[in-house]
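**Q** Here are the chains, one letter per residue:
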Amino acid sequence: MPKRTDIKKILLLGSGPIVIGQACEFDYSGTQACKALKEEGYELVLANSNPATIMTDPEFADHTYIEPLTPEFIEYIIKKERPDAILPTLGGQTALNLAMKLHEGGVLQEYNVKMLGADYQVIRKAEDREQFKECVLKAGLAVPRSAFAHNLAEARQAAHGIGLPVIIRPSFTLGGTGGGIARDIEELERIASLGLECSMIHEVLIEESIEGWKEYELEVMRDYKDNVVIVCSIENLDAMGVHTGDSITVAPAQTLTDREYQAMRDAAITIIREVGVETGGSNIQFAVNPIDGRMVVIEMNPRVSRSSALASKATGFPIAKFAAKLAVGYSLDEIQNDITRETPASFEPTIDYCVVKAPRFTFEKFPEAKDILGVQMKSVGETMAIGRTFKEALQKALRGLEIGHTGLDNKLDYKTISDEKIRQRLVEPNASRIFYVKYALQKGWTIEEVARLSKIDPWFIAHIAQILDLENELIKNAIRGKSIFSTALLRKAKEYGFSDAQLAQVMNLRETAVRALRKEAGVITTFKLVDTCAAEFEAYTPYFYSTYETEDEAVLQIERACAAPKGKKIIILGGGPNRIGQGIEFDYCCVHASFALKSLGYTTIMVNSNPETVSTDYDICDRLYFEPLTFEDVMNIVDVEKPDGVIVQLGGQTPLNLAQRLQEAGVPIVGTSVLSIALAEDRAKFARLIESLGLNQPANGSARSVKEAVQIARRIGYPVLARPSYVLGGRAMKIIYEEARLLQFIDEAKEVSAGHPILIDKFIDDAIELDVDAISDGQETFVGGIMEHIENAGIHSGDSACVLPPTTIGETIIAQIKEITCRLAKAIGVIGLLNIQFAVKGRRIYVLEVNPRASRTVPFVSKATGIPLAKIAAQVMVGEPLSKYHLSDKLIEQLRHVSVKESVLPFSRFSGVDIVLGPEMKSTGEVMGIGATIGEAFVKSQISAGQSLPKEGKIFLSVRDEDKREIVSIAKRFERLGFLFVSTRGTAKALRAHAIEVQEVGRYDQGGGDILNLMTLIEQNAIALIVNTPSGEGSQYDMRFIRAAAILHNIPCITTIQGAREAVNGMETCRTKELTVQSLQEYYRVGGNVSCAAL
Amino acid sequence: MIRAILFLEDGAFFEGQAICDNGESAGEVVFNTAMTGYQEVLTDPSYAGQIVVMTYPLIGNYGVNKEDVESDRIYVKGFVVKEFCRYYSNYRATQGLIDYLKENQILAIEGVDTRALTRHLRVRGAMKGMISTQDFDPKSLTRKLDRLPAMEGSDWVKEVTSKEKYVWGQASQVRDDGQQTIRYKVAAIDCGMKRNILRILERLGCEVHVFPANTTIKEIAAIQPDGLFISNGPGDPAAVSYVIDTVRQCVGKLPIFGICLGHQILGLALGARTYKLKFGHHGANHPVKDLLGNRIGITSQNHGFCVDISSLPASDIEMVDMNLNDQTLEGIRHKKYPVLSFQHHPEAAPGPHDAQYLFGYFIEMMKDRRDPKT
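Chains as they are written, first to last, in our numbering: chain A, 1 to 1095; chain B, 1 to 374.
Hint data in this document are derived by calculation from the structure and do not stem from the laboratory. Just to be clear, a hint being listed does not mean it is correct.
As the list claims (entries may be wrong) - Per label pair, the in silico range of CB-to-CB distance:
(1) T216(B) - Y540(A): 28 to 34 Å
(2) K114(A) - G252(B): 33 to 39 Å
(3) M200(A) - Q17(B): 55 to 61 Å
(4) E15(B) - V555(A): 54 to 60 Å
(5) N104(B) - K421(A): 28 to 34 Å
(6) G360(B) - Y224(A): 42 to 48 Å
(7) D266(A) - N22(B): 36 to 42 Å
(8) E134(A) - G252(B): 47 to 53 Å
(9) P367(A) - Q17(B): 37 to 43 Å
(10) L277(B) - K421(A): 56 to 62 Å
(11) L277(B) - V555(A): 48 to 54 Å
(12) C20(B) - P367(A): 39 to 45 Å
Backbone N, C-alpha and C fix where the C-beta goes; we use that ideal spot for every residue, glycine too.
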């Protein structure tokens, strides 16, 4: 049957901000779905609150709504757009939950909107653990023994029946929020009560612990004709007990015989039919007892998931695209496999390589949190590596993580680690366990012993042992003085995935020397194709990975492509795995660059290692190399591609860090030169530049020793802002008020800065911070957007809410800022994008930082203004003049709306972590609120960020002395809105002095008796909003427990006076005016701002 | 490490290392794209006379066991992989794959760029090849390959069929409606029968009398079977005229069910032609459309020859299954008689179980014969 003609207009739901457990994989799937549905001629309405996504680019849908993903706002959109159908299975758990609520609220029925892919009953069956379990049992399959609990008494009873340890899983949550393993009754009570609260329906499952069992996942697709295929099987290296998002995983499954695999396949098919997912992709998890092979079903996602993205990238089978096509009525056999162009999509990919996914953690950002892994996901990103063997893929994945490892190397000397420490790191799953497997083997522990302790299947450990054996052989050779290895040994090392840098350590040579040596010996990388069919059919995909074999298919394809001459060739280097400070925003820029350069007739080549991204979709570029972003891996690609240019300024710090070495190796870098990049990064040179231009900069210095640091700080005076150079996201950046803290900081920063100096700036208190994104062609510069931070200077710009256009800065200052930006761009020699941070105090403008590269805010600015900055920048980098685009300030001045960007923080994932922001970036993602006034935009941004401001109730106010004056006026406004107050002594006194009624409470450790205790109030959910501005570092500590409790109880928490001001602004707006929704296309039309004609 | 070479008849060669030094072995080189099931592949008699290249690079991960065998021994002439696993992991494993291959004296090599080799075979077609650990001289290897008969026209069935008749699943029975027990007696012509076919028939309540391939209709009739099964097997179907003759005589007299080579033999017996595919179908991911039920199954496949659709006598035979990758014939049915056969492997092993329901048709045909009223 062809596509459905009874529907014309479809509403697609996105997944909102990037959070742990829901990252840019849903931009990938949503973008694929947009393309597929537009291709079929449907009118597409899109809702997503995340401006950094490709899917929210105005050209991907007919009506793009950057609005909060809540039932209320989606109802507004439905009311306005009247879509025939809603597709909720491509926007992660967020979209699925949203659709469920819309159904439960009767909205879908009222407006006659059909659910595509899976209907309400099906989603319930799959998501509700009780119903799902029934389904599985009905299908004759096994599940772990379990019972449901809706309160603590039921939980205790269930655990008693099953026997401890048990796993607690809340129903209807994201990424396992609120779950955990309980080994004793206290743990049970603690985790279960939390889980009950996290669950949308106040239900938890108490389950037999199958910790240590082998964990598998199958990606399944079904069409309306009931054809089912398995796209990919995945085996987890970490056994059951570690969230699959935090596990190292391998595709395909490795240790199942055909019988066992087919039994699992049969089970998956039975389940998808029993649950009744009509069309699209699902993911089903299994656990297998390693002792006797008993297989139990764990759970199912009736939607495209993170694993679907991984499976798509691992096999070349575009799950999301096909899911969209199936949803509108196609069957699998009616869809063509793009890769072979002649076989249908109704087949199962077979692969002839091994894929390893490794999670990227950011525990270093949250020093209070332990890096122990469990059933709740904690990783913020992932990298995928492809190799011909597991050994090769594993080592590529580990160096692709960009956490300072060159492979499965020896960052620590195993001899210095105690047996006890190793045993503990093996037993307790943690972020660096894979390295401890190696350390244990180096100590001579047997494969079986390591397997027993870690519960990792010995198959994996045996491969690590092989890597170690080869390393020992290499070392033996090196000791014997044969620094020049035999070609055979060198080749074997490369086949085992050893990087040149790793070999350099072993051979005691420089990496470049190893590279030269091996090229001379003819040990040269070959590229193989990802083709879904193990070469059985001719493939047209331009999707490659490197390995060491005899035949190079990239060379063959390049030759074929050369026969039909195309324009010049540009390599775009992506950003690698997501991390805090470097995520989807940079992928957005890379993808835009590819679009923009393709439209100029260039051949574009993408290099990236992140399977969650749009950039690693093989139809974004002319050729895709799925490779780690290291010097060696990039050079190997440069060697075969011989590009006319390489773009390093769009993928964040990762490619920028490679720029100098690439240039030294003769690679043509386009855009801002390496010299100019260095000029902006080098504090001394930069300070001279600022001085020569007559600009201001906070007093500063760069220290290479402790003594120097102390001297500088004394010279410029405390407080100071200290940080290592050459890092992104303000890694390890701190505001320091006294010398003792400075010394401590320097000690801690050593590991982060890796030999680079430590930068010390005078911290400017109480300034307004501004962020500017601009493009320059070397002559002309265009300021694309000026954003005013809502928080004080000192909070990392990535974490700070900001507003565009600025609201409290006068025109004179704005004009000055534009002028300074243009002068700086020219002086530095920027060709491409440029981001400058300013601090304004009174009439004085300070230049805080200049980054001659794409910034995190580029997509936000582009969405707010309709000016595609990244596209223009990419074209400018290859030589197009800026004048071509007819950009003028008018384009921005005509806009009649205000945009607010708010950041989304992962604190709820890291128990015990304080939520106060500082100069080190901690947010994982961002949302955007658009409105006619800043109040409206701010409220929308808060709702999108999950910080729904209350309409009534008690507000807890506790502010530092400096803020006491302003809090009075804010409190009066809150009072007029009908709010009541509770306060600690100091603030209460200030409020009472102005006749504001307030109830005084003790803090968490005070009170008792007659005095109300704040902690109790929080636990009773009696507090609607917390406004708590902490003063200097010492007293900050007092309130951290309160803020942590606020997170647990989902109480919005404001930590700056500016934030409080905007909150009251927003609440006043809500009272006077009903919030409305508008599409980007409408906003741009009103502003007379259509996307750049030249693009 | 023992240097080894896979030399192909077109002069191309691929280097690798042998797992043990046992000389030379020649056969037709084919590639298999299944990611699991190497033990089933090795012991499948249909691979007699062939050197099998596994496209999945890591082979031996789960060792070998006593159960996952499709016959009593290994039939492949040689085994070519990217990397053999040295440390197997599976609770059922009883031995490592390398030991198993050594014990059975199979010439197996690793370290080969199997993807390049597969691409070569895809472009140039399946061809003769020789694995050698001794002779690396192209001229001499070519001479040796010249002497090897081509797959086309070769009767490999006689090499693999059982020498004597035997019974599988004696007194096998299933409960029907909770009341009656029924039992079908199946005569099977063994052209190299995979054991999973026997296991499935037994499970469905069949007692299978397995006959050597050169058996006669008289011998078959003597046991008074409910149905005739023609098995899979190696080589060119056109070369086993004795089986074709027997089958031809049985059409109309007994329900007949054929798989793979059995299907080709049936096609020939009914007047169709067979031809050799360029590189065949060997894997576990081929989509096949059941034209009667209008559903798609992912099937296990292993064949180098194929029945020509255009040669089917349209008055008697209809196509019931089609391969969606290349639109080749996957199943036929006789319009008058209970005769049904499939090119793919409903018994899987290795591969998906999507087509296993087809055995049900065989049971139904036998049931109808016994009790024509229903």
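**Q** The structure should be examined with respect to each hint, and the outcome stated for every one.
**A** Hints and how they fare:
Between T216(B) and Y540(A) the beta carbons are some 53 Å apart, a value that contradicts the proposed interval 28 to 34 Å. Checked against the given bound of 33 to 39 Å, the beta carbons of K114(A) and G252(B), roughly 53 Å apart, lie outside it. Checked against the given bound of 55 to 61 Å, the beta carbons of M200(A) and Q17(B), roughly 58 Å apart, stay inside it. Take E15(B) and V555(A): their Cβ atoms lie about 20 Å apart, and the range 54 to 60 Å is violated.
For N104(B) and K421(A), the hinted distance range of 28 to 34 Å is not satisfied, since their beta carbons lie about 46 Å from each other. About 25 Å separates the C-beta atoms of G360(B) and Y224(A), a value inconsistent with the hinted range of 42 to 48 Å. Evaluation of the 36 to 42 Å hint for D266(A) and N22(B) yields a pass: the beta carbon distance comes to about 39 Å. At about 50 Å, the CB distance of E134(A) to G252(B) agrees with the hint of 47 to 53 Å.
Checked against the hint of 37 to 43 Å, the pair P367(A) and Q17(B) fails, with Cβ atoms roughly 50 Å apart. Take L277(B) and K421(A): their Cβ atoms lie about 60 Å apart, and the range 56 to 62 Å holds. Restraint check, L277(B) to V555(A): a C-beta distance of roughly 30 Å breaks the suggested window 48 to 54 Å. Restraint check, C20(B) to P367(A): a C-beta distance of roughly 55 Å breaks the suggested window 39 to 45 Å.
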